[in-house]
Amino acid sequence: MVLVYAETQNGQFKKAAFEAVAYGKKSADILGTSCEAIVVGNAENPGQLGQYGAAKVHHLNGSGVAHFDGKSYASAIAGAAERTNAKLVVVSHSSQGKTLVGRLAVKMDAGSVSGVNHLPEQKDGKLCVKKNVFSGKAIAEYAIEGDAAVFSLMGNTLKPEQSGSDAEVVNVTLDGSSEIEILEVNLQQGDAAPLPEAELVVSAGRGMKGPENWEIIEELARTLGATTACSRPVADTGWRPHHEHVGQTGVAIRPNLYIAAGISGAIQHLAGVSSSKCIVVINKDPEAPFFKAADYGVCADLFDVVPKLTEAIKKAKA
Amino acid sequence: MKYLVCISKTPETTAKIAFTNGDTQFDKNGVQFILNPYDEWYALVRALELKEAQGGTVTVINVGTSENDAVIRKALAIGADDAVRIDADPTSAMFVAKQISEYVKSNPFDVIFLGKETIDYNGSEVGGMLAEYLDLPYVSYAMALDIEGGSAKVTRDIEGGSETSKINLPVVVSAAKGMAEQRIPNMRGIMMAKRKPLNVVEAVAFSDKSKVVGYALPTGKTEVKMIDPENMDELVRLLQEEAKVL
Ligand SMILES: Cc1cc2nc3c(=O)[nH]c(=O)nc-3n(C[C@H](O)[C@H](O)[C@H](O)COP(=O)(O)OP(=O)(O)OC[C@H]3O[C@@H](n4cnc5c(N)ncnc54)[C@H](O)[C@@H]3O)c2cc1C
Numbered sequence: 006m007v008l009v010y011a012e013t014q015n016g017q018f019k020k021a022a023f024e025a026v027a028y029g030k031k032s033a034d035i036l037g038t039s040c041e042a043i044v045v046g047n048a049e050n051p052g053q054l055g056q057y058g059a060a061k062v063h064h065l066n067g068s069g070v071a072h073f074d075g076k077s078y079a080s081a082i083a084g085a086a087e088r089t090n091a092k093l094v095v096v097s098h099s100s101q102g103k104t105l106v107g108r109l110a111v112k113m114d115a116g117s118v119s120g121v122n123h124l125p126e127q128k129d130g131k132l133c134v135k136k137n138v139f140s141g142k143a144i145a146e147y148a149i150e151g152d153a154a155v156f157s158l159m160g161n162t163l164k165p166e167q168s169g170s171d172a173e174v175v176n177v178t179l180d181g182s183s184e185i186e187i188l189e190v191n192l193q194q195g196d197a198a199p200l201p202e203a204e205l206v207v208s209a210g211r212g213m214k215g216p217e218n219w220e221i222i223e224e225l226a227r228t229l230g231a232t233t234a235c236s237r238p239v240a241d242t243g244w245r246p247h248h249e250h251v252g253q254t255g256v257a258i259r260p261n262l263y264i265a266a267g268i269s270g271a272i273q274h275l276a277g278v279s280s281s282k283c284i285v286v287i288n289k290d291p292e293a294p295f296f297k298a299a300d301y302g303v304c305a306d307l308f309d310v311v312p313k314l315t316e317a318i319k320k321a322k323a
Numbered sequence: 367m368k369y370l371v372c373i374s375k376t377p378e379t380t381a382k383i384a385f386t387n388g389d390t391q392f393d394k395n396g397v398q399f400i401l402n403p404y405d406e407w408y409a410l411v412r413a414l415e416l417k418e419a420q421g422g423t424v425t426v427i428n429v430g431t432s433e434n435d436a437v438i439r440k441a442l443a444i445g446a447d448d449a450v451r452i453d454a455d456p457t458s459a460m461f462v463a464k465q466i467s468e469y470v471k472s473n474p475f476d477v478i479f480l481g482k483e484t485i486d487y488n489g490s491e492v493g494g495m496l497a498e499y500l501d502l503p504y505v506s507y508a509m510a511l512d513i514e515g516g517s518a519k520v521t522r523d524i525e526g527g528s529e530t531s532k533i534n535l536p537v538v539v540s541a542a543k544g545m546a547e548q549r550i551p552n553m554r555g556i557m558m559a560k561r562k563p564l565n566v567v568e569a570v571a572f573s574d575k576s577k578v579v580g581y582a583l584p585t586g587k588t589e590v591k592m593i594d595p596e597n598m599d600e601l602v603r604l605l606q607e608e609a610k611v612l
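Sequences listed follow chains A and B, in order. So in the numbering used here the end of the first sequence lands on 323, straight run, no missing numbers. So in the numbering used here the end of the second sequence lands on 612, straight run, no missing numbers.
No lab work stands behind these hints, which were simulated from the structure alone. Virtual Cβ for every residue (Gly too), placed ideally from N, Cα, C. Don't take each hint at face value.
[What the hints assert, rightly or not] What follows is a set of in silico ranges between Cβ atoms, one per label pair, in the way DEER data are often shown:
hint	chain 1	residue 1	chain 2	residue 2	range
1	A	GLU49	B	GLN606	30 to 38 angstroms
2	B	GLN420	A	ASN50	44 to 52 angstroms
3	B	ALA419	A	GLN167	50 to 58 angstroms
4	B	THR457	A	ALA321	35 to 43 angstroms
5	B	ILE400	A	GLU292	22 to 30 angstroms
[Said to hold, decoys possible] Computed list of lysine-lysine pairs in DSSO-like fashion (alpha-carbon distance at most 27 angstroms, straight line):
hint	chain 1	residue 1	chain 2	residue 2
6	B	LYS471	B	LYS519
7	A	LYS164	B	LYS587
8	A	LYS31	B	LYS532
9	B	LYS382	A	LYS282
10	B	LYS417	B	LYS577
11	A	LYS31	B	LYS577
12	A	LYS297	B	LYS587
13	A	LYS297	B	LYS471
14	B	LYS591	A	LYS282
15	A	LYS289	A	LYS313
16	B	LYS591	A	LYS319
17	B	LYS591	A	LYS322
18	A	LYS289	B	LYS577
19	B	LYS417	B	LYS591
20	A	LYS164	B	LYS610
21	B	LYS562	B	LYS417
Start from the sequences and build out the full structure, keeping to the hints where you can.
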């Protein structure tokens, strides 16, 4: 059995949850078994995970899991894995998943691989799976020793497709309390997807000259429905918030489209963005190293090109 | 307060990545190694700041062979009081977590810091594993941490925002950007580091549950297509029809 932990936020499933279930189902097909999902805490219509491939949904709720706490959530998931005799547990490589993956591995005495971005394979009787290492500069294949495994799935690894119908939901109540007291949660306003989950990203660097010039970047992002990002020096000098910093020492992302304006393409920047499916580079220096990593390049002044690109997208959308 | 900072050694950020032995081993030839940036910039410096403000000690711990002594001395030069090296060549995240947990079981700490991940294996696993072995709470990707009495107030990064919580000590915390600023060791620190204790302890036996069996380099990108800056309609068309991302 493959058991997938499907994350929610304010009772709604995250995009990553559907991806994880779809990945779990595909893995289950490869392993010749079935896929079930586990949902913890409040969730609207947990049965909908059936449309992404879950044969059954275990919905755990109660005072013991009222808010995210790695310890109690890992216990709940490991407990469900034991009850269902799951050999592979899949979580998202998200802030929750990164807290859970190590805990689950120790609890279940399982082999873990975090940030997987390929489907698993069975090789010589061993479960094998690949992930990016060295900040995207290489790919490593891991083999699981023993019979239980835990994976955390990199965002945007596959496109979840809906088919089938809602699944049966099994409700389980978990009483108890958490060692973690939540004081405050701050979520950014706006419709753009959080950077780690975004499919379209518009990013800018020191070529912007100053924070007052970002309106053209924001306008491009709004027009595309994209999320904004930036290079490290831009975040370090406070031109942009820290959470926008992408790269080797910032957030590593793999959106479908990454547009970079006024970013030179230093190796540490590329490390966090080079797995993007399509890269567009706008830079006035024809020697900028970023062009070597780009699919499409525009060699010109960004203050001229970015508004023109925004207009062209508006025209195409109209 | 007793602070423990788990540190690791990683290839320098511009290092050329290559493999040997039929693509089953990382090729260390000609590679410069550094203290993992998150461990250094955020975890270690925050521990030092807390010690400076409220008293206590900062110990750094590394699982590795004597090849790692140079990066351990750097952590001492930045300001850690003493260091522990568990003498083994680490083979997996679980191996590292197991070794550190055994040490902490007989040498307890109030706050155990790590960096949010290493820049080589990008795992983010050791913190959760360590917390599980020690049966402690764990907060990952912390952007701020303050100690108030017997508890920690921690703000962590979550998708699209942040979450602040209160947790009784002891706690395991992985540190991310925002936690502290990089500190460059000064001459006095470097001289003092030579005399600070670096205790080498033996590793316990452990068999790995997952193993790297092979490496590969990403397949090369196709040649960049340059677009006329006066023709953004063409770029949009290519993004729609050729790349199919819009
Ligand atoms: C250990 C370490 C870790 C690091 N981690 C990261 C990381 O995670 N992420 C990261 O981004 N960096 C990281 N860096 C920094 C990295 O090495 C570069 O310094 C940084 O990425 C450069 O940022 P930039 O491209 O915005 O600025 P610059 O390198 O200054 O490039 C600006 C670019 O803008 C172009 N430009 C200027 N004006 C215009 C214009 N009007 N129109 C068009 N183009 C214009 C220029 O031609 C130039 O290419 C790290 C460095 C180290 C040492």
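A quick look at each hint next to the structure:
no.: 1; hint: GLU49/A / GLN606/B: 30 to 38 angstroms; in the structure: holds, 34 angstroms
no.: 2; hint: GLN420/B / ASN50/A: 44 to 52 angstroms; in the structure: holds, 48 angstroms
no.: 3; hint: ALA419/B / GLN167/A: 50 to 58 angstroms; in the structure: holds, 53 angstroms
no.: 4; hint: THR457/B / ALA321/A: 35 to 43 angstroms; in the structure: violated, 52 angstroms
no.: 5; hint: ILE400/B / GLU292/A: 22 to 30 angstroms; in the structure: holds, 28 angstroms
no.: 6; hint: LYS471/B / LYS519/B; in the structure: holds, 24 angstroms
no.: 7; hint: LYS164/A / LYS587/B; in the structure: holds, 22 angstroms
no.: 8; hint: LYS31/A / LYS532/B; in the structure: violated, 39 angstroms
no.: 9; hint: LYS382/B / LYS282/A; in the structure: holds, 23 angstroms
no.: 10; hint: LYS417/B / LYS577/B; in the structure: violated, 38 angstroms
no.: 11; hint: LYS31/A / LYS577/B; in the structure: holds, 23 angstroms
no.: 12; hint: LYS297/A / LYS587/B; in the structure: holds, 8 angstroms
no.: 13; hint: LYS297/A / LYS471/B; in the structure: violated, 50 angstroms
no.: 14; hint: LYS591/B / LYS282/A; in the structure: holds, 15 angstroms
no.: 15; hint: LYS289/A / LYS313/A; in the structure: holds, 15 angstroms
no.: 16; hint: LYS591/B / LYS319/A; in the structure: holds, 23 angstroms
no.: 17; hint: LYS591/B / LYS322/A; in the structure: holds, 23 angstroms
no.: 18; hint: LYS289/A / LYS577/B; in the structure: violated, 45 angstroms
no.: 19; hint: LYS417/B / LYS591/B; in the structure: violated, 54 angstroms
no.: 20; hint: LYS164/A / LYS610/B; in the structure: holds, 14 angstroms
no.: 21; hint: LYS562/B / LYS417/B; in the structure: holds, 17 angstroms
The structure does not agree with the numbered hints 4, 8, 10, 13, 18 and 19 stated previously, though it agrees with the rest.
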